[in-house]
Structures are given as structure tokens and as C-alpha cells.
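Please construct the entire structure, taking both the sequences and the accompanying hints into account.
Taken in order, these protein sequences are the chains called A and B.
Using the working numbering, read the first sequence as starting at 3 and increasing by one per residue.
Using the working numbering, read the second sequence as starting at 427 and increasing by one per residue.
No lab work stands behind these hints: they were computed from the structure.
It is possible that some hints are incorrect.
Said to hold, decoys possible - Facing chain A, a subset of chain B residues (Cβ under 10 Å, in silico):
1. Ser531
2. Ala685
3. Val701
As the list claims (entries may be wrong) - List time: in silico SDA-like cross-link candidates among lysine to any residue, alpha-carbon distance up to 20 Å:
4. B/Lys672 with A/Arg265
5. A/Lys200 with B/Ile688
6. A/Lys200 with B/Ser703
7. A/Lys200 with B/Gln699
8. A/Lys200 with A/Asn177
9. A/Lys200 with B/Val692
10. B/Lys696 with A/Asp228
11. B/Lys696 with A/Met266
12. A/Lys200 with B/Val686
13. B/Lys680 with A/Arg265
14. B/Lys672 with A/Pro269
15. B/Lys672 with A/Arg268
16. B/Lys696 with A/Asn243
17. A/Lys245 with B/Ile688
18. B/Lys696 with A/Glu120
19. A/Lys207 with B/Val701
20. A/Lys207 with B/Lys672
21. A/Lys207 with B/Gln699
22. A/Lys245 with B/Val692
23. A/Lys200 with B/Arg721
24. B/Lys672 with A/Asp272
25. A/Lys207 with B/Glu698
26. A/Lys245 with B/Glu698
27. B/Lys696 with A/Arg265
28. B/Lys680 with A/Pro269
29. A/Lys200 with B/Glu698
Don't be surprised by glycine CBs; every beta carbon is placed ideally from N, CA and C.
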Amino acid sequence: MTLLKVENLSVDFPTPDGLVAAVHETSFEINPGETLAIVGESGSGKTVTNLALMGLIPLRTANVTGSAIFETHDGPVDLLAMNRNDLRKYRGKDMAMIFQDPMSSLHPFYTIGDQIIEAHQVHNKVDLKISEARTIELLEMVGIQGAATRLRSFPHQFSGGMRQRVMIAMALVNNPSLLIADEPTTALDVTVQAQIMKLLSDLQKELKMAMILITHDMGVVAGAADRVNVMYAGRIVESANVKDLYANPLMPYTQGLLASVPRMDRPHADRLSAIPGQPPSMIALPSGCSFNPRCSRKSEVGASKCESQMPNLTTRGHEHFARCFIGEGV
Amino acid sequence: MSSPIIEVKDLHKFFPLASQGIFSRVKGDNKAVNGVSFSINPGETLGLVGESGCGKSTVGRTLLKLYEPTSGSITFEGEDITKYSNSKMKPLRTKMQMIFQDPYSSLNPRHTIGAIIAASYEIQNITPDGGVKKAVQELMERVGLNPEHYNRYPHEFSGGQRQRIGIARALAMKPKFIVCDEPVSALDVSIQAQVINLLADLRDDFGLSYLFIAHDLSVVQHISDRVAVMYLGKIVELAPVGEIYKAPHHPYTKALLSAVPIPDPVLEEKREQIVLSGDLPNPANPPKGCVFNTRCWKAKEACFTTEPTLHQVGSSQVACHFPE
Numbered sequence: 003m004t005l006l007k008v009e010n011l012s013v014d015f016p017t018p019d020g021l022v023a024a025v026h027e028t029s030f031e032i033n034p035g036e037t038l039a040i041v042g043e044s045g046s047g048k049t050v051t052n053l054a055l056m057g058l059i060p061l062r063t064a065n066v067t068g069s070a071i072f073e074t075h076d077g078p079v080d081l082l083a084m085n086r087n088d089l090r091k092y093r094g095k096d097m098a099m100i101f102q103d104p105m106s107s108l109h110p111f112y113t114i115g116d117q118i119i120e121a122h123q124v125h126n127k128v129d130l131k132i133s134e135a136r137t138i139e140l141l142e143m144v145g146i147q148g149a150a151t152r153l154r155s156f157p158h159q160f161s162g163g164m165r166q167r168v169m170i171a172m173a174l175v176n177n178p179s180l181l182i183a184d185e186p187t188t189a190l191d192v193t194v195q196a197q198i199m200k201l202l203s204d205l206q207k208e209l210k211m212a213m214i215l216i217t218h219d220m221g222v223v224a225g226a227a228d229r230v231n232v233m234y235a236g237r238i239v240e241s242a243n244v245k246d247l248y249a250n251p252l253m254p255y256t257q258g259l260l261a262s263v264p265r266m267d268r269p270h271a272d273r274l275s276a277i278p279g280q281p282p283s284m285i286a287l288p289s290g291c292s293f294n295p296r297c298s299r300k301s302e303v304g305a306s307k308c309e310s311q312m313p314n315l316t317t318r319g320h321e322h323f324a325r326c327f328i329g330e331g332v
Numbered sequence: 427m428s429s430p431i432i433e434v435k436d437l438h439k440f441f442p443l444a445s446q447g448i449f450s451r452v453k454g455d456n457k458a459v460n461g462v463s464f465s466i467n468p469g470e471t472l473g474l475v476g477e478s479g480c481g482k483s484t485v486g487r488t489l490l491k492l493y494e495p496t497s498g499s500i501t502f503e504g505e506d507i508t509k510y511s512n513s514k515m516k517p518l519r520t521k522m523q524m525i526f527q528d529p530y531s532s533l534n535p536r537h538t539i540g541a542i543i544a545a546s547y548e549i550q551n552i553t554p555d556g557g558v559k560k561a562v563q564e565l566m567e568r569v570g571l572n573p574e575h576y577n578r579y580p581h582e583f584s585g586g587q588r589q590r591i592g593i594a595r596a597l598a599m600k601p602k603f604i605v606c607d608e609p610v611s612a613l614d615v616s617i618q619a620q621v622i623n624l625l626a627d628l629r630d631d632f633g634l635s636y637l638f639i640a641h642d643l644s645v646v647q648h649i650s651d652r653v654a655v656m657y658l659g660k661i662v663e664l665a666p667v668g669e670i671y672k673a674p675h676h677p678y679t680k681a682l683l684s685a686v687p688i689p690d691p692v693l694e695e696k697r698e699q700i701v702l703s704g705d706l707p708n709p710a711n712p713p714k715g716c717v718f719n720t721r722c723w724k725a726k727e728a729c730f731t732t733e734p735t736l737h738q739v740g741s742s743q744v745a746c747h748f749p750e
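In C-alpha cells form, the structure reads like this:
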């Protein structure tokens, strides 16, 4: 059974300078309990993909098309076709999201207890006492000591790592089957990052929850993901099982991304291999493959082909897909 | 051995914490830097790593006298600059420069990048050979910017390019020593590699010395000759780069290294991680004895009573009673 099946999701933002195709015809699936990582540089569309799924993109400013069939407590629904008001029944209950910046995603004027209890009350018609007990249970689960008293603390009384734990507790309060974690550890120190990633993976096993992990850190992906989608300029350019992707990256962008990460486990190299140039402007995408101006391997297929045609995402082995003319049809 | 370009001894920088009340009196001090000593040789890069709030940026800024040190001494090229006034520092500033973390807020949005890079010529009253414009364009070319973009404004550039502008500005006065404060942490991975390579090339071409401040240990490993690990205002380990990553002696260094995820799913599965519990203690009220004792899994009685000092273990210096 598939928990979430996204097909041909596109998000376009009309701007005075032209249409920004932030996400272009993206399709993927996620099974219950699975972790899907979405990696890419800033502006590659990884966050917009997930905001669209959560119904958090204002419809006035964007055109969202495609379908996303999600298995909820009421049976399968299409998240993208649904009225925004109806979506609120599922958002926060069947699927929840944690954001990058734990400093700005909690309300500074309310105690953390109030905020988590509210998230529970919205979806459950129960006595406040029950919601409070559930909140304490969750705060303990995410490792906040003295939960019964910390409940009355305000966000500013917590450190960054602790606030992220509070955010996780709030997301999990209704036992969602899908958690979307948008750069959950980017604002945190490495030692705290290790704590939070371990917490997420433990909770995921315990609650059999699927997770979409959005990140730019290839190290975090290696430790946490089952499958990986690599995004570039609004498109998925490679998708594979995590071990496959690291052992055998096929798209030159993925290869470059993996090679440009400085690595502590390898002997000291003199130079890092950088990807030349910069990510393209989303308003004026290059014709052909979006990556072609930065690609070092386009001579292998003849540069003119890469500069005029967009390659398709094609199968390259067991559940391994890549968008590149190199190795296509082999 | 040549004499160090910069040397600090027992450097302290405390920020007063004001009490709340009308007749406010200083309630205590935030001990941001609490007794730090090190030296950097010409052409050498010292990496300075630690978690946020450990005092690494304060060290960098105090070194350049952007903050007045509370106590201790700073010697630059044999000259004791600890007590120098701003006007006395001014000629020295041509030799010591800084590159900032955030390429968005460290460039004035109302100035063209030509003006930004040329500002130091004006401040120091120097006219380079061939005029300011030519010098600026040469610098732009050297850091990989198009010299024709001289009249553009910072918002027309991407993050990586802005960081190059910051680097060109720092290079304008032909400095000998540059404090790089998290120069790549705001950049995407593929751009990060470009900027690190550029910094390494410039160091080799101009014989620069860097104090390279970062929280990303893999970046630091790549560019540094020696690495100092800071925790709560103190250096807990200082070692050559080959040594510290291979055989860390301080438990904190060990934990910090094990927390860095390795981009290889097969290795990552096998690896044993030390996950430290808790957060950094309050620097206004550091723990007694060893500052790391609240989070250390090896802490014994001595760690809560006596403070360990940096001592030699092999080729490293370690502040721990029970080094690995």
C-alpha cells in the first residue's frame, strides 16, 4: 500500500518578470514507515513541493496542479484537489510538518503547553485535562525533563535544540502517519543535530510513521533516508535507494554534489571538486537540460542535444531513475 | 622557526550583564572568552571550531580589536596591540582584515560593489598604482567576479558572488592576516566548495595567514594546518589537523567529530555515534572544575574540583584530566 502518491505536481508563481516554475511535473511515492529525503540547493523547489502538499501555498499567488493521493483516517483523498477548509481535517492529524527555524515557528506569547494542547484540541473533542496529559506524555517522549512544569514555560526559555523538540512534540500530538521535516536540524549545532536526528529515527520506528526529510546536507541524508530524490531547478533529476545513490550516482549534478562535500573520513585532498557556475535563475531557465551550463560531461552526448532538449526521468536499474542523456537506454 | 604573525596570551573577554532595575548595576559577566592562548605563524591557517555560543567569533573580533579585551595580551608581528587606541590601530588594519559570515548583511545595499571594495583605499588614504578603479577591477577578477560588474549593487549578486565581494574587500589592502568568520556556512554545498578553493588559492598566492572560524568540522579539516576546539570560552584541544581527526584526545572533540554525519550510507550505518546529552551550560556561570563536566561521560571527582589546563599529549595540547 502506498501512503502518498504524488503525480505531476507543478507549482508556478506568476511574477511581474515572468512565470517562475518552482516545481515542474514532480511525481513520487512514499510508503508507510519509509523515509524519503529530498535534497537540492536553495531554490530547487524542495520546500515548495512540501508546502503544496500541506496546502500552505496561498492560491492567490500560485497555480498548483497535479494530484496527491494520501491515505487518511477517512480513506484516500486528493490533497491538491481538496477545498482548503476540508484539508484542515487532515493537516496536523494525518500529516504534520516541522520547520527549519524553531525560533520563529513557535508563538512567543503563548506557553508551549498552550500551543501543543491547542494542536490536540483542534482534532479531538476531549476534555482539556486529557489533552494536557497527552502533551506531557509527548514532551517526555521527545526528551524534555520535568515536562509537567516545562509545559508552562514560554518558547524564549528554551534553547534551539529544545525548541525543535517542542516542535516535534507538537507535530506528533495526533499520531500522524506522515511527518514532513523541512531542514529540521539546519539551524542547530552538530551535537544537537545528532540528538534530534536520533530522536526522529527512534520515534519513527516506534510510531511507524513515514517521513519526508528535506535537507541540503548529504551527510544527514546518508544517515537517515531510505530513498532520495535529488532536485535541481524545480525538477527531480535523480531518484534512488539511498545506498544506490551514494554508490552509483548517475546524473552529473548528483555526482558533483557528492564530490563537493568536504569529507572527514577521507585523507586530506588539496582541492575540493566544485560544481562551476551557479544555480540558474528560475525566471530564465536555460533551454534544454537546466543543468547544462554547469555540466562537465555534456560533450559525452554532444553539447547541442543537452542545450536543446530536456531529458526525461528514465529507469536505470532497480528503482533508480535519472534525468540525463548519458547512459540513457543502455 | 619564524616568529608568529599573531599571538594571544590568556585572552579574556567578558560582556557585562546588566541587572533589571532603574539603578542598574552589573550583575555578572558573560564569560565569552575565558583564558585563551594560541599563536599563528605566517602562511598558516588555524581552524577554530565549536558550537554556537562557545566564544569563537568573539575570539576573532577581539583579535582585531573590534572588541576591547578584558585582560590578556595580543601581539601582532611582535607589537603588543592590546592597549592600542582606534587611531593607533588604523595603520595596522591594512595588515589584518576580516571576512564575515553573512554575505547579505555585511555589504551596504546602497553602495555599488566598486565603492564597497574601494572604501578601504579611501579610508587609509592610499592610491594604488594605476588608480583605484584599476586596482578594484583586478581584485574582482582575482576572486572570480566579472570586472565589468563594477557598478552593480549587492542585490544583483548571488550569495556565493557576494562572499567573493567580501573576500575582494578584505584583500584590497594586501593584508597578511585574515579572520574568516564562518565564511561558507551561508552558502550552498556546491558554491561552498568554490569559495573554499578560492580561499586556499589566495592563501598560497599571497602568503596569507587565516584564523578560520567555523562550526563545520569537515570544512575546517579541509583548509586548516592546525585546529583549536573551543568549549564555553576555553580551548579544550589544539592539535595539528592530521592528529585531531585521527586521534582526538579530549572527550568533547571526540563527541563533536562523531556527531558530524558522513555522506556515505554504508559507513553511517556501521558508525557508532556519541550523542551528547543536554545543551551548552550558561557561560555567565560556567561549571566548577572542567567546563565540560556536565556533559562528559568520563567525568570523575577530579573533574568537578580542579580545572584542567592545556598540556602536551603526543603532538596535541589537551585540557583534560583523563585524555584518550
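For this session: Could you work out which earlier hints the structure fails to respect and list their numbers in ascending sequence?
Result: Of the numbered hints given earlier, those the structure breaks are 1, 18, 20, listed in rising order.
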